[in-house]
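Chain by chain, the residues run as shown.
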Amino acid sequence: MKLKRKISSVAVALALSAGAAQAQISDGVIKIGVMNDQSGTYADLAGPGSVVAARMAVEDFGAAKKGMKVEILVADHQNKPDVGSSIARQWYDVDKVDLIMDVPTSSVVLAVNQITKEKNKALIVSTGATADLTGKACTPNSIHWTYDTWALANGTGSAIMKTGGDTWFFLTADYAFGHSLEQQTEAVVLKNGGKVLGKVRHPFPSADFSSFLLQAQSSKAKIIGLANAIKQGAEFGIVKGGQQFAGLLVFLTDVHALGLDKAQGLLLTEAFYWDRTPETRAWSQRFAKLHKGAMPTMAQAGVYSATLHYLKAIEAARTDDGPKVIEQMKKMPSDDQVFGKGRVRQDGRHVHDMYLFEVKKPSESKGPWDYYKVRATIPAEQAFRPEKEGGCPLVK
Amino acid sequence: MKHQRIAFAVMVALFALAPLAMYPVFLMKVMCFALFACAFNLLIGYGGLLSFGHAMFLGVAGYGAAYSAKVWGFAPEFAILFGTAAATALGLLAGLIAIRRQGIYFAMITLALAQMVFFFCVQADFTGGEDGIQAVPRGMLLGVLDLSNVWAMYATVLAIFAGGFLLIYRVIHSPFGQVLKAIRENEPRAISLGYDINRYKLLAFVLSAALAGLAGATKALVFQLASLTDVHWTMSGEVVLMTLVGGLGTVFGPVAGALVIISMENYLAQLGAWVTVVQGVIFVICVLTFRRGVIGELGNWLKKPL
Amino acid sequence: MDGFFGVPPQALFGQLLIGLINGSFYALLSLGLAVIFGLLNIINFTHGAQYMMGAFCAWFLLHKLGIGYWWSLLIAPLAVGLFGALIERLMLKRLYQLDHLYGLLLTFGLALIIQGLFRNEFGSSGPPYPIPRALEGGNNLGFMFLPNYRAWVIVASLVVCLGTWFVIEKTKLGSYLRAATENPQLVQAFGINVPRMITLTYGFGVGLAALAGVMAAPIYQVSPQMGADLIIVVFAVVVIGGMGSIMGSIVTGFALGLIEGLTKVFYPEASNTVIFVIMAIVLMVKPAGLFGSQK
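Chains as they are written, first to last, in numbering that gives the first Met the number 0: chain A, 0 to 395; chain B, 0 to 305; chain C, 0 to 294.
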């Protein structure tokens, strides 16, 4: 079971400044707990970078000047629901945390969501993917910020179908998350008139995908949908043979680790890219200075954006009571450098534009982190599952 | 043994009073793992059989209790009984396969069986895969005691722990326990005395499995979650570590070991992967120079077995 | 065409070949374990961590010292083997008079330490390691495209495995080793330095693990966790083959690789479990393993 680690307390009350928020803040401090995988598979795409993003948000919000005390705690849930739920319980019971933020790994999301609801606090998920959070598992205590499996399936799936990739083979991991990603993408393919020529579910975890890649190759499907980018893809001459890889869940840091020579041509959907606009570029460069020169992923950008909106909502609602702040976040539109304009729906889903990217060839890239070119923009209202279809009881 | 009775009373008193100063959920976790380690110790410390797959009993019971409470709406006492029964049945099956071999082969078979159980749990629908079974209701004990109240839950866990511990104590100090010890010390002699050693070993194995199951089922209700962590082989390794640190073959060793290891994990948590390193170092030190474990050394110093 | 159970024969042969490649790793690793157990009665749980060290050693040699794959094949096993010899001298030696289980527990603890340290240093996804240039590309065999590197893996491990078997079973050195495990005092009385032989044998077994690690680096992901789950499977292989039998481990390693490959075609979700099922069955029917003899 992992405990908290206090990273920073932002400014003690220099609140001699008049007009300091006379809000009803529990214990006088707003405590935000960033819970994610600090040292494992997802440490690079979220991890300590998310904490950096959260701190940037607190600073940009100007908590100190407004006389609001904000404290950030950090914990490593090791991608296990039992560890995550233990931390959540302890944070809420003992450390009086008000908001849990980030949470990759869908199984942990669901566990923490449950506990947040029981203790009536607040949860904002940035890195976690399960679309159930705004579907049957939705609660008045949680918001899903950055992306979800439906948006990815829809973005990558339909965009690729439009370019003529109409026969698919799926290679996904054999566990609940892999299944759901596969099912949702398959639904999109079939809806657009495509065909699924085969699927294989490899045990999770697996080190060697060669056998499954071989099956994908012999299926002769035009598109091989992979749940995660795979190193061995290049070895078997699959792309030379005319097939293309589609990454169903790929982050900037995955591409960085693979290298452009292995990842080039990969199509993927993300909510954010550091180099897309002058605003995102400026923000990302600030981020990189604080994070060992690594550019932010959509998950980390989401933490920034969500934390900012959360703090603004507390200011407006003059309380840090969980469901009340969430309610306020749904009432106010969001706007920041990173995601631009957006809003939070009744079911807790934050909607914003999504983008289909293609990974550049090594010759097209000017340097490290210059990896994507934009292939298409999916407007906010089409990018996410329609509210009525999710099965969320909060949606009337 | 009078001094052991005193030690038992002290232990229970400590656990009863501790939640006033410490986080009760942490203490409940310690008690569940202490029971798990005691069950494991029964097998290795007294039976001389090192099981490297004990997690399968902890985990299967957890899933059983969680599923029956959540999906079938069992009351907590029945959910725990059901989980324990599931672990016992698995123990019988595994025992029949494993008992025929000794020493390292026995350990390897238990490991293999535990791996099969693990992969089964990953695949099976009812376990929820890597989500696990979440939101397990704690329910009303015997229809009257609302276990969602943390004190009610604590009292229940303490009662279960104390009860399980007493059961193990009685077994160790019974004629059955003596025969087990004899088998461990000198198997051929025990055979020549006419004991059906396989039956004794099997019984010890099933008993150990059942009590490990009891710990697992209770834990599932405390945390309201059953997950793959409980059936993974690293969990089997952890219980070995706890028992080793506390003292193999001592009565109170596993409890001390569980307390040490879980506290260490808690407080070193912020050091990330160092926890694994520290666990490894403890293993190595214990094996090389500290074979009696904490309670073993204490007992040696006091010149009374603990 | 329908082929076998709906799988076209080309696909099947392709899968069998992949299975053979995986089997090469199983064989190499279980060979090391079998050598250590068969000759020294030590269960080397650290084997997985030592495999990982071999892979990292290769990466280190390449990235920090500019030393390429071919030299790494020689240097890494030597380095890691030396480390293994140190472990034996300093720690394992003290446990010989105790129950074997303590050796198991010690090596288990060591594995935790090594893995934890590497994880701290490198995070959990490790660094990339390229396929050596001479082995890049592949050949189209008609039923599949066989990368050259994978073909090399099969050949190299066969050579190493059979070579080791030959040395142990058919040469004088091997016979000294085998005699020393039966009756160390007698062999020592003949003037052979038994403790040194034991240390060297352990080092050799560890070196084999490291060699497998170097060979795995270009195709599997180099990471601190790479040995952890693999070691359990390799134990199963060794137990099935018969814990002391060298030939048993080699044959079982390749065979199990093939079986696993077939399972991946017909029932991929079970490919992790099939080895353990086989192990349980074998242990029930022939407790000493397929090639083993009751000691």
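These are computed hints drawn from the structure, not numbers from a lab. Errors might be hidden in some of the hints.
With a Cα cut of at most 16 angstroms, we get these calculated EDC-like pairs of lysine to aspartate or glutamate [claimed, not checked]: (1) A:340 <-> A:357; (2) A:239 <-> C:268; (3) A:330 <-> A:352; (4) A:198 <-> C:135; (5) A:219 <-> A:165; (6) A:311 <-> A:278; (7) A:261 <-> A:363; (8) A:95 <-> A:207; (9) A:261 <-> C:268.
Which bits of chain B does chain C cover? Going by a derived footprint, with three or more residues having C-beta under 8 angstroms, they are [unchecked claim]: (10) 25 to 32; (11) 101 to 111; (12) 152 to 160.
Keep in mind that this is a model prediction, so the values were computed, not measured. We put the beta carbon where it would ideally sit given N, CA and C, even for glycine.
Each hint, compared with the structure:
1. A:340 <-> A:357: violated (24 angstroms)
2. A:239 <-> C:268: Violated: residue 239 of chain A and residue 268 of chain C sit about 29 angstroms apart, past 16 angstroms.
3. A:330 <-> A:352: violated (19 angstroms)
4. A:198 <-> C:135: Violated, at about 29 angstroms.
5. A:219 <-> A:165: Judged against 16 angstroms, a Cα distance of about 12 angstroms means the pair holds.
6. A:311 <-> A:278: Between residue 311 of chain A and residue 278 of chain A the Cα gap is close to 20 angstroms, so the pair fails against 16 angstroms, i.e. violated.
7. A:261 <-> A:363: At roughly 14 angstroms apart (the allowed maximum being 16 angstroms), residue 363 of chain A and residue 261 of chain A satisfy the hint.
8. A:95 <-> A:207: violated (44 angstroms)
9. A:261 <-> C:268: violated (27 angstroms)
10. 25 to 32: violated (count 0)
11. 101 to 111: Coverage by chain C holds for the stretch 101 to 111 of chain B (8 residues, Cβ < 8 angstroms).
12. 152 to 160: violated (count 0)
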